[in-house]
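*Asks:* Listed below are the residues making up each chain.
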Amino acid sequence: MGFIWFWLVAAMLVAYVVLDGFDIGVGILHLFLARNQQERQLTLRTIGPVWDGNEVWLIAGGGTLYFAFPLLYASAFSGFYLALMIVLWLLIMRGVAIELRMQIAMGVWKSFFDGLFFFSSSLLAILYGAALANVVRGVPLQPDGYFFLPLWTNWRVGPHPGILDWYTVIGGVVALVALGVHGALYIAVKTEGDLQLRARKAAGVLWIALFLLTVISLPATAIARADTLAKYREHPLTYAVPITVLLSLLGIIYFNRKMADRNAFVCSCIYLTMMLVGAAVGLYPRLLPATTGSEYDITVYSAISGPHTLHVGLIWWSFGMLLAIGYFALVYRMFRGKVSVESGGYEH
Amino acid sequence: MDALLLHRIHFGFTITFHYLFPQLTMGLALLIVALKTVALRSGNELYNEAARFWAKIFAINFLLGVVTGIPMEFQFGTNWSQFARTTGGVIGQPLAMEGVFSFFLESASLGLFLFGEKRLSRWGHWASAFMVFVGSWISGFFIIVTNAWMQHPVAYKVLPNGVYEVTSFWGLLTNPWALLQYAHNMSGAVITGAFVMSSVGAFYVLENLFPEHGKIFLRVGVVAGAISCVTQIFPTGDLQGRYMAKHQPAAVAAMEGLFTSQKGAPIILMGQPDEEKRTIDNPLAVNNVLSFLIYGTTRAEVEGLDKFPRDQWPSPLPLLFYAYHIMAGLGTYFVGVMLIAVFLLWRGKLFQARWVLWALMLSFPLPYIANTAGWMTAEIGRQPWVVYGLIRVSEGYSKYVSAGNGLFTLLGFMGMYAVLSILFIVLLYRIISQGPAIHITSAPKGSPMIMA
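Line by line, the protein sequences give chains A and B.
In this text, residue positions in the first sequence follow our numbering: the first is 2, and each later residue adds one.
In this text, residue positions in the second sequence follow our numbering: the first is 830, and each later residue adds one.
It is worth saying that the hints were derived from the structure and are not from the lab.
Backbone N, C-alpha and C define an ideal beta-carbon position, used for all residues, glycine too.
Do not take every clue at face value.
As the list claims (entries may be wrong) - Calculated cross-link-like contacts (lysine-lysine; reagent style DSBU-like; alpha-carbon spacing at most 30 Å):
hint, chain 1, residue 1, chain 2, residue 2
1, A, K339, B, K947
2, B, K947, A, K111
3, B, K1106, B, K1136
4, A, K202, A, K339
5, B, K1075, B, K986
6, B, K1075, B, K1092
Said to hold, decoys possible - Far from chain B, by Cβ distances over 10 Å, these chain A residues were calculated:
hint, residue
7, L92
8, I171
9, A231
10, L247
11, S295
Claimed, not checked - Chain A residues, not near chain B, derived (Cβ > 12 Å throughout):
hint, residue
12, A203
13, V206
14, Y240
15, T245
16, Y255
17, H312
18, G314
Okay, chain A solo, but in the shape it has when bound (with noise of 0.2 Å):
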């Protein structure tokens, strides 16, 4: 039950990245690749029916972790306190400045919806780039399986570390220049023209960032948390996760050159998803290991639901999210194709 609920969450989660991820991705470059307020208009209409849906998979993984692994749920949601009270509030302001920016018409309050839209969509990408390295570096935790950390301390790894350190700041980057090429490749899908021309540079070059990235956040890994890698040892089929990386991040690139948008979303996409179930093959079964000994990690069998509770929740979940693809299955057929200006009124 442990290993099937572990690669549920997991999966929710990764479909939050992906999908919310080209979300973020257009927050954070649509300042840079949209050059008047018609164009932003356009890039936000990319994600305008989408956008609030895709969220949805991060409150229903959040919901269905707090069932399936209580106290994981409730140690790292304390212990990471300050750094998930922002996260709220930047996803208060970012749903507010995508779906506000509309309701005025004043160019200032525009300027400063898209500017808000930016700093919350970077903020939030930086922030999930390291909070996944604060799990795969480990925490704090105390006996009672509890721990707090404070948004940052010296900077360094050790056994008492903040939510930042040089670590997760990589994290963050990795994070942050991820979505930028998943969002940049997402608007060259969904635009024509100049704008699309734009966006299709702006994922080569950030590419380049993205591959460099991608290669120093191995060893370091291996600096930061030496035994995360013991796993791939033990397994050496899971070997094939890095390497499909890997694959990935070649198809991104050579797609993006044969202008082949939809394949190179596709690759961003498998990219996204192996980064994660990389990182969730070497934590398992962990769920939240410890700086502090071993012996206090927080782990699919200490943090596991009761065995009816886990039952039961399999088969209304399972339904339940045959049902959410069906739904998203619909949503993305009704806007399928490329946006455009002329759509007035509601239809945009």
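Starting from the known structure of chain A, fit chain B onto it as the hints suggest.
*Replies:* Showing chain B alone in chain A's frame:
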């Protein structure tokens, strides 16, 4: 500063602000379906325009409901970690189900409803509005199930490691407390929707601005309002009160300000409770009524607070007393004003009865106050327990999150919500002054709606 109190205020403040939005969207969703249904059956385009107008207001409220709602789910873990850890196996379940069954449906159908009117058939668009309604009401159900388990825990057992587990999934979902509370709560949401719609309608008629649309708002709002205001008291409020008296007698005693147990207990309509002297100052009381309301006979004995140890009294007690009385008082007013309005509507005189229109126009804040007061009654009445009779709030909060950190984020939320409130009011003012008659395709250039 006391960390426990701070975490309570943190949750209380954020949930109170949050619930200002869902109570309107849940109520409005039903009324929009009503508008769309009339439009579909009669072919009257005015009703479609009315639905579009309310869709705009719905969309902004929905957005604020979403962005202020995410912090609620997170706060179980951030501020109430010990509670989350021990009961996650039970209440994590309805919370996860809300995301899986409601939010996906809601976001998808709202996208289709707001953006898809031209792409969908008339029936298809009606169906999208209907699914928005279903999604939002499912969402309400799962939240009530969660809260009801904290109010009245059922279908659980405690595992050896001290963690709670569900023994019966259906038992959890059909908790009698949840069913009663759901009926009462959803009726309350319809009241908010009905009053807001009537208020805007009354404004348009009084100002002679879009009067034809205003009359539609009044018709739908007043009919829905009259029905929901009555069901709010009878049967839903009455049943919930009796059930509560049976299962949370200390809470009921505190709500009613009954310090000493007595036969033929009076109902106190107004007064100021003094916890130390155990009296009500300046009481305005009617003898025997409380006994009658709870037990159906004026001679029945009602348990007072003297039956319960002091450390099981809800706190803050005076706030509970006031919250309950504000809710009940406003609820009575609602029935009065809506019944008069619906009577005049039936006689065809409502649109000329300026004093009733004034009352309807000015009353829109009151259901928000009543719904908030109702929830405060439920939640303060539950004190000092986070799970009634099982876990105290003092055992539930995050011990590792200091009062200083808690205050930091509380102030952050307060600042952010103050800004959101101002934006919200400005936008609503704009939408209401623009009015429903503007056809969507002729919206001023550069300001198209992009709402999800």
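*Asks:* With reference to the structure, classify each hint as holding or not holding.
*Replies:* Hints versus structure:
Proposed proximity of K339 (chain A) and K947 (chain B) is supported: the alpha carbons are some 17 Å apart, at most 30 Å. About 27 Å separates the Cα atoms of K947 (chain B) and K111 (chain A), which keeps this hinted pair within 30 Å; it holds. For the hint pairing K1106 (chain B) with K1136 (chain B), the CA-to-CA distance comes to about 16 Å; that is within 30 Å, so the pair holds. Between K202 (chain A) and K339 (chain A) the CA atoms are separated by roughly 18 Å; this keeps the pair inside 30 Å, and the hint holds.
Distance check on the hinted pair: K1075 (chain B) and K986 (chain B) sit about 22 Å apart at the alpha-carbon level, within 30 Å; holds. Between K1075 (chain B) and K1092 (chain B) the alpha-carbon distance is near 16 Å, which keeps this suggested pair within the 30 Å criterion. Once the 10 Å rule is applied to beta carbons, L92 (chain A) is inconsistent with being away from chain B; the minimum gap is 6 Å. Taking the minimum C-beta to C-beta distance to chain B, about 26 Å, the non-interface status of I171 (chain A) holds against the 10 Å cut.
With a cut of 10 Å on Cβ distances, A231 (chain A) stays outside the contact zone with chain B, its closest approach being about 29 Å. Every Cβ of chain B is farther than 10 Å from the Cβ of L247 (chain A); the closest lies at roughly 33 Å, confirming the non-interface assignment. Every CB of chain B is more than 10 Å from the CB of S295 (chain A) (nearest about 20 Å), matching its label as outside the interface. Separation of A203 (chain A) from chain B is adequate, the least Cβ-Cβ distance of about 23 Å exceeding the 12 Å criterion.
Chain B leaves V206 (chain A) outside its interface by the beta-carbon criterion, the shortest separation being 29 Å against a cut-off of 12 Å. The beta carbon of Y240 (chain A) sits about 34 Å from the closest Cβ of chain B, which is more than 12 Å, so the claim that it is off the interface holds. Once the 12 Å rule is applied to beta carbons, T245 (chain A) is consistent with being away from chain B; the minimum gap is 28 Å. The beta carbon of Y255 (chain A) is kept farther than 12 Å from every beta carbon of chain B, the shortest such distance being approximately 33 Å.
Not every Cβ of chain B is farther than 12 Å from the Cβ of H312 (chain A); the closest lies at roughly 9 Å, contradicting the non-interface assignment. Consistency note on G314 (chain A): stated as away from chain B, yet its beta-carbon is not over 12 Å from all of that chain's, at 7 Å minimum.
Comparing the model with each numbered hint stated earlier shows that hints 7, 17, 18 do not hold.
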